[in-house]
Each structure stands twice: as C-alpha cells, then as structure tokens.
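Each chain is listed here by its residues.
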Amino acid sequence: MTDSPADPMAEPHTATGAPAERREGRQKVTGAARYAAEHPLPGRAHGWPLQAAVARGRVRRVDASGALEMPGVLTVLTHENAPRLNEPDDPMLAVLQDARVPHRGWQVALVVAETLEQARAGAAAVRVDYETEAHDVTLTEDHPAAYVPDEANGGQPGTRERGNPEADFDSAPVKVDAVYRVPPLHNHPMEPHASTARFDGDRLIVHTSSQGGTTVRQTLAALFGLPEERITVSAEHVGGGFGSKGTPRPDVVLAVMAARETGRPVTVALPRAQLATVVGHRAPTLQRLRLGAGRDGRLTSLIHEVTTHTSHVKEFVEQAAVPSRVMYASPHSRTLHRVTPLDVPSPSWMRAPGEAPGMYALESAMDELADALGMDPVELRIVNDTDHEPDSGDPFSSRHLVECLREGARRFDWAGRATRARAATGNVLVGSGVAAATYPVMVSPSTASAHALPDGTFVVRVNAADIGTGARTVLAQVAADALGVPLADVRTEVGNSDLPAAPLAGGSSGTASWGWAVHEACTELKDRLAAHAGPLPADGLDAHADTSGTADADSPYARHSFGAHFAEVAVDTVTGEVRVRRLLSVFAAGRILNARTARSQFIGGMTMGLGMALTESSTMDAAFGDFAERDLASYHVPVHADVPAIEAHWIEEDDPHLNPMGSKGIGEIGIVGTAAAIGNAVHHATGIRFRELPLTPDKVLTALGERHPVRPTMTA
Amino acid sequence: MKPFAYVRAGSVEEAAEAYATRPGARYLGGGTNLVDLMKLGVEEPRALIDVSRLPLDTVTELPDGSLRIGATVRNSDAAAHPAVRDRWPALSQALLAGASGQLRNTATTGGNLLQRTRCPYFQDVTKPCNKRQPGSGCGALDGVHRDHAVLGHSETCVATHPSDMAVALAALDARIELYGADGVRSVPADRFHRLPGDRPERDTEIRPGELVTGVVLPAATAGLPSLYRKARDRASYAFALASVAAVLRVEGGVVQQVGIAFGALAHRPWRAERAEAALLGAAPTRAAFEHALDLELEAARPLRDNAYKVPLARNIGVDVLTRLAPPAATDLT
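Protein chains in written order, with the working numbering: chain A, 1 to 716; chain B, 1 to 333.
Don't read these hints as lab results, they were simulated from the structure. The beta-carbon is built from N, C-alpha and C at its ideal position, and this holds for glycine as well. One or more hints might be untrue.
[Claimed, not checked] A short, non-exhaustive set of chain B residues, derived as facing chain A with CB atoms under 7 Å:
1) 103
2) 126
3) 179
4) 231
5) 319
Using the sequences and the hints, build the whole thing.
Structure (structure tokens):
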C-alpha cells in the first residue's frame, strides 16, 4: 500500500498541473505490482463459481457428490449449505442464499479446491436439476411490464417536464423525431473481478479488485455480521473497472464465504466468461428524441424518452435522458425513463452511465436538426448554449462548451470538411462529424491524514483506489502544493481500508473527493509545522481532515464538465467497414491536475467511445437468456489498429465553485458524445443516418446497398 | 483437474504411434485453440501428443517449383517467408490477417487448419451443439448467427470455419499432406474441410490418428497475381465476416486460370467453382466478375440475420478480381 518516493533528480520542481509520471508505473510494467488474485498465501485454495444454465426458475437439487470425490476438491457451497448472509443492500450479492434463479448465469454453487484447475473440473462435475419457468429477455418499446420509475440511477428523477413540450413540438417550424438504439455493453476491464480472503483469528483480510475498498469493508461487515474494525480490505492495484467494480461484486462475498467454511485463504477469480452476467452491464436503451426548433436553430422543445431494461434482482435505470436536462436551452422539455424488468442479468454502472448512451442520442438528433435547418452543426450548438442549467434554472459554475467547440473546430480544420469529403477516392467515402460532451461534477466527503516525518518527508494516507487513473500520483501533487514542498518529498498510501476512509473511484469524483481531504489535512499540517519550534518528535506531526459537511454542502451552482469531439471517418463501400481516421476532442473540465495522466484518461474514454460507436455490443440470445459474447475475441473492444490519430486537448478553466484544487472529474467525459461524433461523421460520409449502434459492416453495407441496389447481372 | 497424459513426440512415426495407443488423444500444436477449448470443457483429451517440436518446422522449395510448408512452421514465419511473400502473396496476406501477432507467433500451420469453429454455442457446454455433442441440436440455427454460414450449411450445423490461412490455401490449389496408419497421402486444400451435412462433428476429411505434416503450394499457382481480402468488425484481431482469396492468370485478353475461395461463408473454405468455370476463357471485365460471382452466390441460403454476407462476399470478390486483372495487377506489384 505504499510506493517509493520518486527520484528527486527526475522531478526537480513540480506540483498540480505538471505531467508527473505515474508512481507505480515501474511496478506495473515489471510485473511487481500485485493484483487481488496474486496473493499466493500458504494453504490458499481456489473457488470456481458454477453458473445457472437456465434463464429463470429454481434449483431443485444440487448433486455435488461427483465433485466432492474429485482430487483436491475441498467443498461445494450451494444455497443449502452456504453461510447465511444478512440481507444485502445490493441484492446482486445475495449469492447462494436461496434456490431462485433470476437469470442465466446466476451463481448457484461454488466449488473450492486446492488448485484453480481442480475447482474448475469440480464445477463441471456438479449436477444441478432446475425447475424451469418461461423466460422473457427481450426489450421492446411497448412491453406490458414497462413502468416509469420514480428515480433513475444516481437519484435522478425518472421524469422531468416543463412547459408544453408536445404542443410546442407539434407546432415547431423545424422538427426531428427519431429513435436511437444502444445495445447492451460490457465493461470488460483488463483484470477480471477477483478476491482473495483469509481469516486470521477473528480478523478478516481481503484483497479485492475494487473501485472502493471502504464500501467493500462496510458491505462485508454487514453481510457477515462482523465489526468493521476487524476487517481489512486491500485493493492495492486494480486493473480497471469502468464502473463494474464500483461496489462489491459476488466474487468477494464468495471468497469470504469459502474462507470461513474451509478455514483456508481462498481466491475467487472470475473467468472472463462470467463477467458477462454477474458484474453488471450497460443496459440497452431505445431512445426517442423529439426536437422542435425555430428557423434560427433555437430549440423550443426537447423531448427525450428512454426505454431500458433491468433485472428481476433489482431496479437499475440507465439515466440516459438526464444529459438532456443539462445541455441546451429550451423552454419546453420532457425527459423520462421507462424500465422493464426482464429475466436478464442485472445492469449496472458502465463508464458515464446515462450520459454515454443519452448523449449519443441527443447529439445525433442535434446533427439531424442541423441537417434539417441547413445549419453548421457547430453553430447549432453555439446558438443553443445557455448559462443556466435548463432543468434546474441554476447558473453554471462554469461552462465553456462554446470555447471547446471553437477550439476543436480550429484544431480539426472543421471548415475544410467538405473539401476533404470531396477529395475521397476509390471505394472510400470520407466524412467528419462533431458532437458535444458533458459530465456532472460529483464530489463526496472523504477523510485523509497527513504526516510530517523527522527526515523532512511527508506521508499522505487515504483509502483511495487507483484503478489505473494515477490517483497515487495526483494526490501526491495535491499534497505537495498544499504543503509547499517538492513532490519528491511526498509519499502516498492508498488502497487499504486501514487508511482513512474514502469514497469510491466512481462518478469521476475520486480525485475531487480524496484530493479535497488531502488538501485540508496538508493545509492543517502546514499550519502545525509553522507553529512548531525545534526538531520534530520521533513520530512526526499529524493532521487529519474530514470533509463531511463541506464537500457535500449544497451548491447554488450547476456544476458540469463540457467538451467537444471531432471525428473523421472513412467508410469502405465495398465492405461497409467504418474506420476512424482522426479523433480530436477538447474538454473544459476545471483545472487539469496532471497533464500526463489526464491525457491518458481522456483518450481512454474517447477510445471506449470509439468502441461504442463501431465495434462493441452484446447480443441477448432470446432462446437462452444469455449474452452471446463471453470473451474478448467476440466482444470487440477496439484494438490499436482501430485507434487513429487521437488527440485530447483542454481549455484552462478557472472555476472557484468546485473544490480547493479547482478540478472537475475527467474519467468519464471522454466517452460521452464520442459515438455521436463518429456516427455523425458516417452520415456526412454516406448521407445515411444510422440510428443503431454499433456501426458494423452488416448494418452499414446493407444500408449502402439499399441506397444503391446492386445492379442485377443475372438473367435467371 | 481433469487428468491427461502429455507426450512429446520426437518423430512423426512416434507421434502417430503415441496417438494410436492412447484413446482420447489429441495432437497439440501451438495450443492457441485446443487449450482454450480444454479450459471451456469443450475438449477433454485424455492425452496430448505434443507435435509442436517435430522436425516439420521448415519451408522447403521443391525441385518442381512447389513449396512445402511444414506443419509446425509458425504462422508468423510462414507469412514472412520470402518465397511465400513473392510467389503466393495471398497466403502471406491471409496469415497476417488472422489473429494477433502473439497468436501468430505460436500458432502452427497444422493447428491453424485444425482449429475449431468459434460458434458461441459450440464453445458453451451448457447449450446445444450438434458439432460438440451430436444430436443435441443447433443453437445457432434460430439463435445468434450473424457470423454464421450462408453456403453449404445443414439443419444440423450452420458453423463456419474460422481460418484465414485455409481460404488462401484453397484458392491457391494447395494440398494438405497427411501421415497415418495407411501411410502418407495428400488431399486438396479445398476438400480437406467438410460440409456439415448430418455429421457436423467431423470438421475435416482427416482419418483418426492422421497427422498433418505439411502443406504444399503448387508450381501451377506460383508467381501468379493473388490477393486476400478480409472484412471484419474491427481492424485487427477479429474473425472474418467474409473473406476472399483469389489467384488470376490472364493471357491473350482472357482468363486462362483462376482460383477463388471465400472464407466465413461456410463450414469450409468455399471454393467458387461455378464462378471459376464461368470466368475461364472470358474477358476479365468487372461485369464478368460480377456475373460469375452472382452465379456462385445463387446457392447462398442466408439465415435470419446474416443476409449481408452475400453482397459482402460479392463485393470483396469483385474488388479482388478487378485488382488482379491487368492493368491493376501490374499496379500492385
């Protein structure tokens, strides 16, 4: 949980804003960094979860006798013999508690064995009889079970309405009325979910791959009836999460159950195939957009209606209509969500839940509106800019969308897009597209401590999770600035629940939340040091901070990041293959605290948006109630060859209404709107409006063929 | 775990012997597919006969102008071999279009031919698949089948063969060399893989215990213009939605020799014999190519969600043949 101070010669002078190198980078590239499954404790056993092979029903009987006779198999946990859990807040964690099978892939047994291979073989030998029931996994626009929820994800109201949106739309001189479809998507972080648990006397020690160890500890304490102070949760290195590790997932519950039952350390490392069903996915959305505008391009009515699914395990509503409450001035508006519970795995957070699919639809519709108006799509967005959040009426603390659009257009040579399109030769069509981005500023209370050591160095402690973002590094930068000392003198300790409690790395809020507490602790420590005379005591001087009541205080401002994406695509008319040639984005996200790691986060989000646009989708197999893509050969995240010249830029934004660092979150905005920019570029190239992602050759070629039917050459 | 024996064979004869004496044996090449299938429970061999270190790892120019690629030559090495690149470029292109750099460094020639379909039902032991478990049904027929066959499929199986390499071998009139109890034999590459019929569990014409020892590229296609084109969902590391390999010889203004094979359309590389027959003796015009491929694809029987493959195959076929025909062919070299 510690890292070495950086070489002082390498960083003679640096603070927030500087491109400081990632502190654990060397450990990661040399393989020295330990991930949750990489703790080969003495006597460690391995658990392999067995998944339900029916889409709905009950487990009638589990015959584990064959498995138990196999070499190395220690135990088989089922709903009949697994430890009873207290009822979890998240029903996804109620594993092996009853016979119900709410969806295919639900975990119905855990085989624990000496080795991973023995556990896997044991799982294959367990016989499960099911009482099956008819299942329904198909999302439709008019499903009889659909309802309008009170709240969507993030506590957002399910419905918001102002003015007379329908009447205004009906009478608007210029209209767009279109339905957009985003398929189910999967997070698929590079490191699959994994946990290693052991009991040491009455202490529970867990290594887990999580975006928030504090929550894992709270959850385990509640589930297993243990006091929190007897649990340590370590998440030292985390190989990505994208939301799917935002809260505890079943692997950690199963590992603790198995450790308790066997008295051994147990690792449960989910195989990639299980990630399709037990750790969440981005729910599919059908989104109807109705935009009514005057001939000057000003929106008068904006109606965004979202239809999505959830599981029978819990209600999760992808809040895709929410960005339409933020983006553009419009006197009349309705934004609402409808959700249908189906026999599907539980959806959950995936990078920019709500904004990512919602802005695909809104920003595609804006492009259609620009078309209908004969207006430049950059100008259309500028015309509809607003200094007050349309839904709340609150003033924006800062909003530089227009500046992002103008700067991006300049850097991209937006003005030359028609020329570039005409210059395309052969079987390739070239087009350019633009879309806006937004993401809310979120922040949560956190605690942190700062310590001055007699040797003149400093240690900052906070149970932050570094999921690949560079949190260790940026928190050291925040501390160095607050203390007024060189970065090299500051060490950070993160990723362990014995450290001061902190919220999760999610909602693009980690750095703001942790950094605020670090800043306060360091500021107080600096004051103490100033008041201190003589050498420091042997154990140094400490300061603690808790931002409860400060970080979560109501703000009179609407606080959001904004951005603009510009994409240039090539569409091959022979194959229908779409490839992005250039992707250039400009963001306004407060103060950028580390230019190097921020750029990585931005282009990572943009690349994930490219995948959403062109390659990624999960297919719900109606007959079996299962996602067809269960590995990285079939779930197509973009590879290097898909990622073109990619550039992320930002505008220096000085916003005093945020936090002491002046930062907004940057982890998610990169994915928001990217798919729309690419889709709009495909429209510019082909003249065809695609409204369903991803834009794979089957769809594109079929549409090209319908526009230019193949000349029949046969005389049959 | 499921125990299995591991035998490292020192010679072809030893490998065949080891296979014959061990029921449930499988030959192991690079392991890039077989080991995955073992982890998934699809393959449960009782013995692995490791043939990856047999002395079959060379590319040999034969006196008659043909080229033998040993069965254990790695895909990367075959693709990079100067003779392959110069004289059978479609094969080099096909190899490089497959998998990823890491996989190509490990995968062998023989293993590439014998890899199994990536049909999701075949790879999931909790679902029906006649190929994996004869008689259990076909999940793909009415299920998720955008990637599946449009030609030569049956009610029992609509899977496709995933290899890129095998498509080029089929178009280039290569032969597959085999060693088995009956001695040495060779079969044409375009007949090595089977159509599923009512025996989809059999991917190839290989006999029990037979070992692929190499492939031979014939002199008859050496040095001719050839090309491979693959359409896919992402720019690299994706199986074909459709692919085509073609070789073309035009003399005196007419097609004298042509080989066309499609990938990802059928249970085997689909040799377009009808199209070839239509083109022989014809002028190599775009219209002739379109006509020939339309004739070929008349036999296509798309499933609910893969009709796009027919125009896709036609388009890439016409594109490749047009580029191979003079003067485009000279532009490419």
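Status of the hints after comparison with the structure:
no.	hint	verdict
1	103	violated (10 Å)
2	126	holds (4 Å)
3	179	violated (31 Å)
4	231	holds (4 Å)
5	319	holds (5 Å)
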